[in-house]
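For reference, the chains in residue letters:
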Amino acid sequence: MIRAFASGLRVDLLQLVRSPFDMVGMLVWPVVFASIAYLLLGSASGGRTLFSASLGAAVMIMWGWVILGAGFALDNQRELGTLELIVGAPTPLVVLLSPVMIARAIFGIYGLLLTLAWGRVAFGIPLLIDDWAAFVAAVVGCILAIGTLGLIAASTFVLYRAAFYLGVSLQYPVYIACGLILPFSVLPAWLGPVSWFLAPTWGFRALAEAAAGQTPWPDIGMCFALSVVYLLIAIPCLAVFEHLARDRATLKLA
Amino acid sequence: MNSLRVFFIGGLTSYRALFNWLNPWAFLSILVAYPVFQTIYFIYLGRTANTANDTFFLIGNAFVAAAVAGLFGMGQSIGGERRYQTLPMLLASPANRLALFLGRALPAIVNGFIVAVLSYVLAAAMLHLHVPATRLGGIGLALLASCFACAGLGLCIGSLAFRARSIGLFADTISGVFLIITGANVPLDRLPDSLQTLADYVPLTHGIHAARALAAGATLGATLPSIGTEALVGLAYFTVGLAMLHYFERSARHAGSLDRF
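Each protein sequence line maps, in turn, to chains Z and R.
1 is the number of the first residue of the first sequence in this note's numbering; add one for each residue after it.
1 is the number of the first residue of the second sequence in this note's numbering; add one for each residue after it.
Hints in this document: simulated from the structure, not taken from any laboratory.
Cβ coordinates follow ideal geometry from the N, Cα and C atoms, glycine included.
For the chain R half of the interface with chain Z, some residues (derived, Cβ under 8 angstroms), not all of them:
id : residue
1  : Y34
2  : I40
3  : G46
4  : A49
Start from the sequences, fold in the hints, and give me the full structure.
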């Protein structure tokens, strides 16, 4: 199973690196989100605020790529007729699907680096990372938590043919609910408790706190804890939805 | 008569195919939920930055929603033919090319208009925003001009389907860049000079400017020059798009690359 996971991760990362859509998209969108934030907030808001906006843009694109990738990967498998083979294989489905999500979250590191480079070159925002060890741990925690959250979404996508579309519509609601680049003071109060259950909230907080040299470890811990919880939810969800898809014979319907 | 049939029936059939043969989820998620939440997100970001009022972002993002519908819709209506291997058959037919491709633009324009209106109304309702009803007619006219301009640019993107395997890359990139350079989410005076100059030549900029002026109380007469400029930008893109289609069709026939995927 470890071999299947590692091999899946390698193949998915290679596919992402070889895909012009993913390479260019990951180049454009973090830069767009970060630029809008920089231009709206203005240089008067201070380097630390703008750097935090860069991190927010990077987490946005990480989530966007995972949720779109979850839908797109399953849609593609369906269209190419390989979804049945994957489901029929003796390896558990979670081991075959999780590399897709984790690979896309790892791909977000490319977006993070681009956003930070863009901020430095185009807007003169300095690289303000006070605690590098915690920052690296926060990146790992963020990848795992967002990737496993994508896995829960992917479990429903096994059953539904409109998977990709659902993925598209889930991007901005999560950006809003997690307060990415937005302070919670401008959002409705009821979104606060909702955000506690979403990985990007803790991933962004962990990155921002590590960069500011504050107390990122509780947020990093939440990322890892949520990853375990998501995995515990995703495994039975996948089993149920896989069974339903087999029962309804919808796996081959493109 | 046959050209009219190709224009209307062909355009409608192509529009239906765009949503994988009328899958309502595709429409609801991509063209309703996505733009509504995008609008809400940028309204909140605007409140955070305190740069402009909510109507600024409401109008800007409703117009961007129309652009996405126009760029992807028009582009995919030609790109989809290549993906599903029907492009050679389409081009082998004796159908009038003008009717064939402009017929695909009409649903894209209507669709873009409906999507923008839905995005505007739903986001305004969710955040309790209000624009005087007397202004909506003028804003609708500006929106129509922008939908026309975006369909023109979509035709240019669609023509690239003769060369590229996927036009989604171009449409996605342009729709991202439009969030900034058209002034949809950033006041134009905050952009670098080069981008401000570029903004004059892309769809949406003049339409958004006219719509915001109307919402702020300007008369329709005062905004007609901007709306006219937007329509002219659209006309220019349609002309370029038809020329690109003609050129790429000839070169693809010559290279025998129409059914290569």
